[in-house]
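Undergrad: Protein chains in written order, with this note's numbering: chain A, 1 to 262; chain B, 1001 to 1065.
There may be inaccurate statements among the hints.
List of simulated lysine-lysine pairs, DSS-like, C-alpha gap at most 25 Å [claimed, not checked]: (1) A:Lys-224 - A:Lys-211; (2) A:Lys-27 - B:Lys-1030; (3) B:Lys-1015 - A:Lys-84; (4) A:Lys-27 - A:Lys-165; (5) B:Lys-1002 - A:Lys-224; (6) B:Lys-1030 - A:Lys-77.
What the simulated footprint calls covered on chain A by chain B, stretch by stretch (three residues with Cβ under 8 Å from a Cβ of chain B suffice, anywhere in the stretch; the number is not a length) [said to hold, decoys possible]: (7) 31-41; (8) 87-95; (9) 119-132; (10) 233-244.
Derived from the structure by calculation, the hints contain no laboratory data.
Keep in mind the model is a prediction, meaning the values are calculated, not measured.
We put the beta carbon where it would ideally sit given N, CA and C, even for glycine.
One-letter residues, chain by chain:
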Amino acid sequence: MLTLYDTSFTSRLLLGTAQYPSPESLKQAVEASGTEIVTVSLRREAARARTGQGFWALIEELGCRVLPNTAGCRTAKEAIATAKMARELFGTSWVKLEVVANDDTLQPDLFGLVEAAAALIADGFEVLPYMTEDLSAAEHLVASGCNVLMPWAAPIGSARGLINKDALKTLRAYFPDIPLIIDAGIGTPSHAAEAMEMGYDAVLLNTAVAKAGDPVKMAAAFAKAVEAGRLAFEAGLIEPRDMASPSTPVAGTPFFKIDHAS
Amino acid sequence: MKILLNGEAFATDAKTLDELCARLGFADAKIATAVNGSFVAAPSRGATPLADADEIEIVAPRQGG
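Here chain A stands alone, though its shape is the one from the complex (with noise of 0.2 Å):
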């Protein structure tokens, strides 16, 4: 079981709501990935497009726990802002926090995101901080009250996988009891399955599922591959090795004649 803040899920991927090329195959696509989280955003609302409302019902529908993000806020202050009207829309005091800091890399400012998920913590949310995997950043976010962290693989929609392995092995050795989520640029199941081989706790996409060929059938091969990751973890995987080691039993090889062994 996944826990974040109390709270317990049987699927360990997480989905975004955005890109997709319908809102039927947003629906089925979710219904297939077997998720119980999906992110939100909010948007300005124009009087007579109304567009959040229509996109609100759909969202009900589903049936899914929702977490609101601050996408797009370029500092503490906005994101802040962002999240208390988010809290107030979506009924939950769950947030992941993104404050970003370049726009060509949509990498964290991780000086924003401290001061702004302090801030939000002393007012009652739950954060869910979208980071990079910097270590330091990660010790002031849990010191600050966050018991989630979402490390990012790579760039946002970059789908380039787990680009700094050794610091997201470092980062779990470091946090064994907080929940960690691989959050971002992810772009093949065989990256989810990896994330969660490592012993990450859930993962959480969109890009490589809503803008893929077939929405719907990636979202199950998601679900596949997050739940194979994990299992392998549970499993425990053997060490890889420079040389040879035979699987088939050496002894009573027909025709073995000792020479062949030196």
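Given chain A, work out where chain B should sit, using these hints.
TA: Below, chain B without anything else, positioned relative to chain A:
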């Protein structure tokens, strides 16, 4: 008075944030608001007067990653 509504110039004689939302047809809509960069909770909109050049944000749920 002229305010900035969701980043665009907007003329209104609404006296409070609540009145502005109602006139825009958002009385029963799922929205959240901010004035000059700070969140204003729904119950406080009636007690939030509008002033010239105020920057108002009215947001609603949207797709997100």
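Undergrad: Output the numbers, in ascending order, of every earlier hint that fails for this structure.
TA: Per hint list: 4, 5, 9, 10 violated.
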